[in-house]
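Peer 1: Given next are the chains, with one letter for each unit.
Protein chains: 2
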Amino acid sequence: MLDHTHAPDAQSWVSCANAADTDFPIQNLPFGRFRRAGSHDAVRVGVAIGDQVLDLHALGQLDPQVAVLLGSMAQGELNGFMAQGRAARIALRHALFEGLSAQPSGTASLWRARAESLLVPQDEAEMALPCRIGDYTDFYTGIHHATTVGKLFRPDNPLLPNYKWVPIGYHGRSSSIGVSGQAFPRPWGQVKGEGDAPVFAPSRRLDYELELGFFVGPPNAPGMPLDMAQAEASLFGATLLNDWSARDVQAWEYQPLGPFLAKNFSTTISPWIVTMEALAPFRAPFVRDAADPQPLPYLDSATNRERGAIAIGLEVWIQTHQMRAQGQSAVRVSASSFADAYWTPAQLLAHHASNGCNLQPGDLMGSGTQSGPAANQGGSLLELSQGGKAPFALENGETRTFLQDGDCVILRGFCESAAARRIGFGDCAGTLLPAMARA
Amino acid sequence: MLDHTHAPDAQSWVSCANAADTDFPIQNLPFGRFRRAGSHDAVRVGVAIGDQVLDLHALGQLDPQVAVLLGSMAQGELNGFMAQGRAARIALRHALFEGLSAQPSGTASLWRARAESLLVPQDEAEMALPCRIGDYTDFYTGIHHATTVGKLFRPDNPLLPNYKWVPIGYHGRSSSIGVSGQAFPRPWGQVKGEGDAPVFAPSRRLDYELELGFFVGPPNAPGMPLDMAQAEASLFGATLLNDWSARDVQAWEYQPLGPFLAKNFSTTISPWIVTMEALAPFRAPFVRDAADPQPLPYLDSATNRERGAIAIGLEVWIQTHQMRAQGQSAVRVSASSFADAYWTPAQLLAHHASNGCNLQPGDLMGSGTQSGPAANQGGSLLELSQGGKAPFALENGETRTFLQDGDCVILRGFCESAAARRIGFGDCAGTLLPAMARA
Chain G
1 MLDHTHAPDA QSWVSCANAA DTDFPIQNLP FGRFRRAGSH DAVRVGVAIG
51 DQVLDLHALG QLDPQVAVLL GSMAQGELNG FMAQGRAARI ALRHALFEGL
101 SAQPSGTASL WRARAESLLV PQDEAEMALP CRIGDYTDFY TGIHHATTVG
151 KLFRPDNPLL PNYKWVPIGY HGRSSSIGVS GQAFPRPWGQ VKGEGDAPVF
201 APSRRLDYEL ELGFFVGPPN APGMPLDMAQ AEASLFGATL LNDWSARDVQ
251 AWEYQPLGPF LAKNFSTTIS PWIVTMEALA PFRAPFVRDA ADPQPLPYLD
301 SATNRERGAI AIGLEVWIQT HQMRAQGQSA VRVSASSFAD AYWTPAQLLA
351 HHASNGCNLQ PGDLMGSGTQ SGPAANQGGS LLELSQGGKA PFALENGETR
401 TFLQDGDCVI LRGFCESAAA RRIGFGDCAG TLLPAMARA
Chain W
1 MLDHTHAPDA QSWVSCANAA DTDFPIQNLP FGRFRRAGSH DAVRVGVAIG
51 DQVLDLHALG QLDPQVAVLL GSMAQGELNG FMAQGRAARI ALRHALFEGL
101 SAQPSGTASL WRARAESLLV PQDEAEMALP CRIGDYTDFY TGIHHATTVG
151 KLFRPDNPLL PNYKWVPIGY HGRSSSIGVS GQAFPRPWGQ VKGEGDAPVF
201 APSRRLDYEL ELGFFVGPPN APGMPLDMAQ AEASLFGATL LNDWSARDVQ
251 AWEYQPLGPF LAKNFSTTIS PWIVTMEALA PFRAPFVRDA ADPQPLPYLD
301 SATNRERGAI AIGLEVWIQT HQMRAQGQSA VRVSASSFAD AYWTPAQLLA
351 HHASNGCNLQ PGDLMGSGTQ SGPAANQGGS LLELSQGGKA PFALENGETR
401 TFLQDGDCVI LRGFCESAAA RRIGFGDCAG TLLPAMARA
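Line by line, the protein sequences give chains G and W.
Each residue of the first sequence is one higher than the last, beginning at 1 in UniProt numbering.
Each residue of the second sequence is one higher than the last, beginning at 1 in UniProt numbering.
Please note that a few of the clues may not be correct.
Which copy? The list can't say, so a pair holds if one copy fits it or any two copies do.
[What the hints assert, rightly or not] Below 25 Å or equal to it, Euclidean Cα-Cα: the simulated DMTMM-like pairs (lysine to aspartate or glutamate) are:
(1) Lys192 to Asp41
(2) Lys192 to Asp123
(3) Lys389 to Glu124
(4) Lys151 to Glu194
(5) Lys192 to Glu116
(6) Lys389 to Asp196
(7) Lys192 to Glu124
(8) Lys164 to Glu194
Keep in mind that the hints were calculated from the coordinates and are not lab data.
As the structure is a prediction and not an experimental result, all values here were calculated from the model.
Isolated chain G (complex conformation) (with noise of 0.2 Å):
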């Protein structure tokens, strides 16, 4: 599964690159949809390379051998390419990583020269999201987070019975999904008041929750399951997923049929999709606790077994509204790992088409709020606060129950092992603003 674009060692030309903390070595190589900021430019499609984008219309304009697998790309369009599945990817990236190579060569000896016409950097580039969405489902792999929140909701019965046999999900809203940077206003909604009449009013209990969304590649027909293996070459890519939620909303609204107006006003994924394949060498064994239920034979392979996880450390920052005007960068409130999670991608992708519902390019799927198993660990502020009963202390002395208006939440995603060099994510940061005036 891994060759040379894997090896640690390997550098690129665009030196920013080659930086120890950089998200975007050449080993990563994901895919965003850009425009130079302030332009009325088409939105173009470009991969990541250090503090770089690399332009893909540009490349096909230069390079014709590239152009050929770029196809729709060039146009600014990803879901064509995503369609097309691993044998692509992998030719491109292969094809990426020779151009933009440290190693001499002739290609690389072309893009080099023309690297003022083929990167923007990122600073300057205004990143749309990177694919269109048809469908977004929303998981629910985090045990620890299942468990804690279960008990908030249900104290006497955290874990309902069929948690450890059902890959639990649920469809989300594709409208609301913005790119890292979205700004939106404190929701209003229903919740509960007093006596037995709700009351309409801004939400109160403003939650971020933290998750990895992983994007769908080659389509199934409807009618048609992928079994493990079809769903593992069905993955794309994945992002950072913050799934905003609306506490007091959800405890009013979500029974009998679930999370609805809680959810959908706002959900933030990060820019960059990193493909299968730079995630490749951080796959992980899926081990399921003897004490607990073995998965139902669609859900089980040997390959899911040695390999179907994913460790990917993952990270919460929070950057205040006093913090912003005091100069203060964002501070860490809490760090959980990918390889926690109940379920991996590719089981996830299994069940959701077991039924025979058709999963389209592009379709995206959230992984649900990873927290570890420490009290600290929490991926949602209503583990970290215990339901808002327990305030806590950020860096600089302020505390928090719930997000305030102004705050900035960032999550943060990484990859890394002894034996590959580091990769990241970028970040995917959205704010609060203040609710909007209602008539």
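Following the hints, complete the assembly by docking chain W onto the known chain G.
Peer 2: Positioned in the frame of chain G, the structure of chain W alone reads:
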């Protein structure tokens, strides 16, 4: 609100549109998308008139004045027109009415002279989805359904405390929405087994749900709610909707996040969108029982109280495999009315946007199952068979608790009043195929 296009005695030169039992008199004029059956033509937008389809692409080429009103519809796409809103719909409705009218006029003469190029028989047309559906939301406005089903899932707690305050809804799956004529295999899924472990098997409790679907026209910007007047103005029109449901899968998977694989394998809608203008003569008062909570202010308006509801008669018909084999027509199994819905379409949309969630042209809102108050008015088999405990007889002597392979379920809808011409929705038919074999 009513004008000469609603006159009950208006007739068309398309004489089949004057038949007493047609769903599509000149007062209706619903939009759909079609191509000639068996052709590889691009899909075109059409309007149903009697048993014919008026081809708007051909019409635009014939009549430049109408071409201006059609805009992007001439290219076979309805969403752009949906975004324009009520004034554009009314202008086009008036132009279509004049051109199709039996009243002599230059326009009517011109169209009539070219009838052969403008009209395609519906039985020679293959229908597509009427528009691109970005997001699909399903509500739960059938209080009789919610009460009966609630008793089955929660005998001591059928109607939850939020039901009479919140228009309960959840997000559905867009990719698996198909148009009337859809056939799909019986889905597999996890269902409760004899012991603790579930079983992965074809669903044994496959059901339909009798619903209406409402399409969104003009969008709201992210973060910007719609008040009741704006919500009413943002409705485009309605179809019939069958929310097929695997009850055994649903019972096992639905807690705590709601229905997922139990419903996302297929959803069938009727091909024609009946516009809000065609429904105008059938608007009815929205009356909340004095013993019930009155709607919160954001869900209330004088207009909604006066005419927020719509009186639409609804029916379910079934044609079994045996009936088809013996040349028997479908038999009616139940009837109900959308006038019994607990919330109006404008309330659903105002609630959906109340947190700032952005709705887009072509988004679809299901009404939830529409059952009448009587036991034989259930809009699903779950209700008619008392949760599968009481088989009921079809007219030909067959019995059903849930659907059998080969059953074709046909939803029908129509509006009738003493003061207006009857209009209908056309059939919403779907067929259950046997489960596919699994390795």
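Peer 1: Next, verify each hint and record whether it holds.
Peer 2: Cross-check of the supplied hints:
no. : hint             : verdict
1   : Lys192 to Asp41  : neither (47 Å within a copy, 54 Å between copies)
2   : Lys192 to Asp123 : neither (44 Å within a copy, 53 Å between copies)
3   : Lys389 to Glu124 : neither (43 Å within a copy, 66 Å between copies)
4   : Lys151 to Glu194 : within (23 Å within a copy, 28 Å between copies)
5   : Lys192 to Glu116 : neither (58 Å within a copy, 61 Å between copies)
6   : Lys389 to Asp196 : within (23 Å within a copy, 36 Å between copies)
7   : Lys192 to Glu124 : neither (45 Å within a copy, 55 Å between copies)
8   : Lys164 to Glu194 : between (37 Å within a copy, 17 Å between copies)
Violated hints, listed in ascending order, are 1, 2, 3, 5, 7; each of the other numbered hints is respected by the structure.
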